[in-house]
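Order-wise, the sequence lines are chains A and B.
The numbers in numbering that gives the first Met the number 0 rise by one with no breaks, and the one at position 319 of the first sequence is 318.
The numbers in numbering that gives the first Met the number 0 rise by one with no breaks, and the one at position 143 of the second sequence is 142.
Treat the hints loosely; a few may be bogus.
Which copy is meant is left open, because identical chains are indistinguishable; a pair holds if it fits in one copy or across any two.
Claimed, not checked - DSSO-like cross-link-like pairs, simulated, lysine-lysine; straight-line CA separation at most 27 Å:
no., residue 1, residue 2
1, Lys177, Lys297
2, Lys410, Lys233
3, Lys410, Lys286
4, Lys286, Lys169
5, Lys367, Lys297
6, Lys233, Lys286
7, Lys367, Lys233
8, Lys297, Lys169
9, Lys410, Lys177
10, Lys169, Lys410
11, Lys233, Lys177
These aren't lab readings, by the way, just hints derived from the structure by calculation.
There are 2 protein chains.
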Amino acid sequence: MGEARVGDNSSRLMDLVGIDKNAARDHGERSFQDAHVAVGDKMLDSGLSEDRFQKGDQYRIVCPKKFFHVVRALPSTAGGGATGSLQVEAFHLFVKQLLPCPGRVSAILSAQIAIGVPVVALVASVSEKNAPQPSIQALVDLVSGGMDSVNQLILSKAGSNVDLIPEIAKHLISSGGKRLRPMLTLACADMFDYRGDGHVVLAASVEFMHTATLLHDDVVDESDMRRGKLAARKLWGNQASVLVGDYLLGQAFKMMVDVGSLEALRILSEASAIIAEGEVMQLGAAKNIATTEDQYLKVVDAKTAALFAAAAEVGPVIAGQNAVTKAAARNYGRELGLAFQLIDDALDYGGSSADLGKDIGDDFREGKITLPVVLAVSRGRHEERTFWQRCLEGNGIADGDLEEAIALMNKYDAIADTVDRARTFGDNALAALDQLPDGLHRDALADTVAFCISRVS
Amino acid sequence: MGEARVGDNSSRLMDLVGIDKNAARDHGERSFQDAHVAVGDKMLDSGLSEDRFQKGDQYRIVCPKKFFHVVRALPSTAGGGATGSLQVEAFHLFVKQLLPCPGRVSAILSAQIAIGVPVVALVASVSEKNAPQPSIQALVDLVSGGMDSVNQLILSKAGSNVDLIPEIAKHLISSGGKRLRPMLTLACADMFDYRGDGHVVLAASVEFMHTATLLHDDVVDESDMRRGKLAARKLWGNQASVLVGDYLLGQAFKMMVDVGSLEALRILSEASAIIAEGEVMQLGAAKNIATTEDQYLKVVDAKTAALFAAAAEVGPVIAGQNAVTKAAARNYGRELGLAFQLIDDALDYGGSSADLGKDIGDDFREGKITLPVVLAVSRGRHEERTFWQRCLEGNGIADGDLEEAIALMNKYDAIADTVDRARTFGDNALAALDQLPDGLHRDALADTVAFCISRVS
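If we strip away everything but chain A, and leave its shape as in the complex, we get (with noise of 0.2 Å):
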């Protein structure tokens, strides 16, 4: 326990600290006693600091959304500060490698100060040293050259002479996301050896018509934070959200065009009108705890696992490859994303061990119905489903709700069988890449299911 682990060799790193797991807070607390805590101040261009460590790093910020709560608990003051060597006015930080096992390293941060000032990495956790974890460090690494340009590409194609577009573009675009659906596309077109660009261009769109849907999907379900960050809607309106999402979504098509694949455009703009219709499904199913599980999936399959399989399928499209294999792509994509939204569902109510930490209940407090939620539902008592009501149809909820839920949802076994159906649609996930050909791409893609999965772990 307790062993110390280089976060980051920058030469910016002022400092580095290891820590007992159970100490990370208390620890960070320390720390940063003295610091102005500044989070979301408008001087601090959060994208900075990924820019900065993926570089020369060993690690990726991987769920910057995660820490925006610990953020949140350490203590503010009014001026700046010293913290032992570091002149600290403002900070920020990330989960730049968030693990999933307990008992193992849950988290390694690192603080972005604003510029000009030193940066300082910590480990929040190490207990075991060298355990082989499910990582999606191989699909990472062998995408990596073709990601720089995909990130590039981005950047250029998020530009306008109508300077709010690139602010806001900007703003979510570097705000750490994992890029997961790019590399989809990467990974399935790279597998066949093939040697264009279009996958760049492909993989580009991809991600942009997720950033539109994000943008959407903020002015729709009205939320206030966005992996950890404030939400564009909050800085610039909801005006500007729905509009910069139309601009991606244009450019999206462009890029698209650009390519000149047909088939591609087929499979992306089927998408893009499937998501829109599963957003509106989920629109009718919200705040209404008669869901039915078939009535969530359908959403999920419609606004999440839509665009995993039209990423990972254009990459066999764009590679000239037969039907059977594009189709393979397309189900591993499908049941993959199926996978990841509903161990999203189960980790927002603290995963199958239920100590990740403190930022769980998201979902809970703006009413979301997920697969916990209906599967507890309808498994409860009559008489539970007043306190559902209250909660998820109701006007908020109160201290102790959250608590109540969840030993509801494991009275139930609702969160092991919201994981236990991931596992299911992982299985699916991995049958599909057996029509794939062999090689450190498809492990790369194996060992991403297995990632996702062991997020709960």
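We have chain A already, so just place chain B on it with the hints.
Just chain B now, kept in the frame of chain A:
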């Protein structure tokens, strides 16, 4: 003055009244004073009226929005009532044809009574008969066969298993838009004797893009009304408007892909991005009286003219014409779009006659910066800026403000010069037509320019 003309020969027509222009509103009040006015009532499907009247009639519904204000001006009583021999319980009025010239027929109105109840039509005013007026009737007649197919396709592609989607789509689609853009696409393909159905599919795509823009616009503008009906966002919420707009956009791209012309796809996806860019630009200019004429024209070029240009250009594209021809169609569409929007801007302040009715001032009340405002502000005295600031950048206007605004505009020839600029764009459109083949279609497209301009004359 005062000559009656038969506005409808439907067997459902129970009454017909010819009245003097100046007495039109008084007349309306008398006729319907005992009726229960239920505008926007969900039982009414305004599309029914259009369907019922268009088939065997000599008039089309041109501008239902224009009449809404008159409807609102009618007294409403709580119960049902009798008007002459009519039992009227609920009705919705449309302008069946709004004729542009003061001193001539100014409006032909029809009333859609709840299903199963008789329908009345009336002629608002007639002063000179048989004077030929610029009209889009030639265009309408030429493409009527194709437009039937377009309308069928639109209704079928607006379908979805998710009930909310066709509900909202049909609300908007049936609310009596002119469908000018898809008519341009059809005419610009038909003029080359195009013999496929690609132009129909592209025309439907163009209308879907336009419809999606309207849905998102209403959210952005926080509009309450759209074409004289409650805006979709007021009936179903902002969320549904955003998502159904996204769905229609996805369907539009799917249809374009079905056509299989990468060139048409390039043109329309480019337009899609430019429209969104224009809307973001407009957002930046909103409620900002420092907007320059150049800035405003850039907004119009992007948010309105780009789709007109694309709609026209894809005609010769699908018909396999050369670059010069395609550019001519594009230029025609663009210049027509610019003229169209500026005339709309002028009409909102009463046009050059300033006596077209009470349906003016919507832009002013919404704080929209349009060319008449830009010209009046830029030419005005410093102390007049206070007035414009209070009205357009502040929170609401007072009685007499609209009259004051129009007086200032007239003082600086702002409305007349807006119309003048529209005429210039119209002339450019006609010049572009010279490069397209002579014939009925070209004549109809020229008439369309004249019609657009004549709305204010």
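Taking the hints in turn, this is what the structure says about them:
Taking the shortest Cα distances, lysine 177 and lysine 297 sit within 27 Å of each other inside one copy (24 Å), while across copies they are farther apart (37 Å). For the identical chains of this complex, lysine 410 and lysine 233 are neighbours neither inside a copy (38 Å) nor across copies (42 Å), given an alpha-carbon limit of 27 Å. Proximity of lysine 410 and lysine 286 under a CA criterion of 27 Å is satisfied intra-copy only: 22 Å inside one chain copy versus 56 Å between copies. In this assembly of identical chains, the alpha carbons of lysine 286 and lysine 169 lie at most 27 Å apart only when taken from different copies (26 Å versus 32 Å within one copy).
For a Cα distance limit of 27 Å, the shortest separation of lysine 367 from lysine 297 inside one copy, 15 Å, qualifies, whereas the shortest one across copies, 42 Å, does not. For the homomeric pair lysine 233 and lysine 286, the shortest alpha-carbon distances inside one copy (22 Å) and between copies (20 Å) are both at most 27 Å. Proximity of lysine 367 to lysine 233 under the C-alpha cut-off of 27 Å is found in both arrangements, the shortest distances being 20 Å within a copy and 23 Å between copies. Taking the shortest Cα distances, lysine 297 and lysine 169 sit within 27 Å of each other only across copies (24 Å), while inside one copy they are farther apart (32 Å).
Taking identical chains as interchangeable, the C-alpha atoms of lysine 410 and lysine 177 are never at most 27 Å apart, the minima being 33 Å within one chain and 59 Å between chains. In this assembly of identical chains, lysine 169 and lysine 410 lie within 27 Å of each other by CA distance neither inside one copy nor across copies; the values are 44 Å within and 46 Å between. For a Cα distance limit of 27 Å, the shortest separation of lysine 233 from lysine 177 inside one copy, 22 Å, qualifies, whereas the shortest one across copies, 37 Å, does not.
The structure does not agree with the numbered hints 2, 9, 10 stated previously, though it agrees with the rest.
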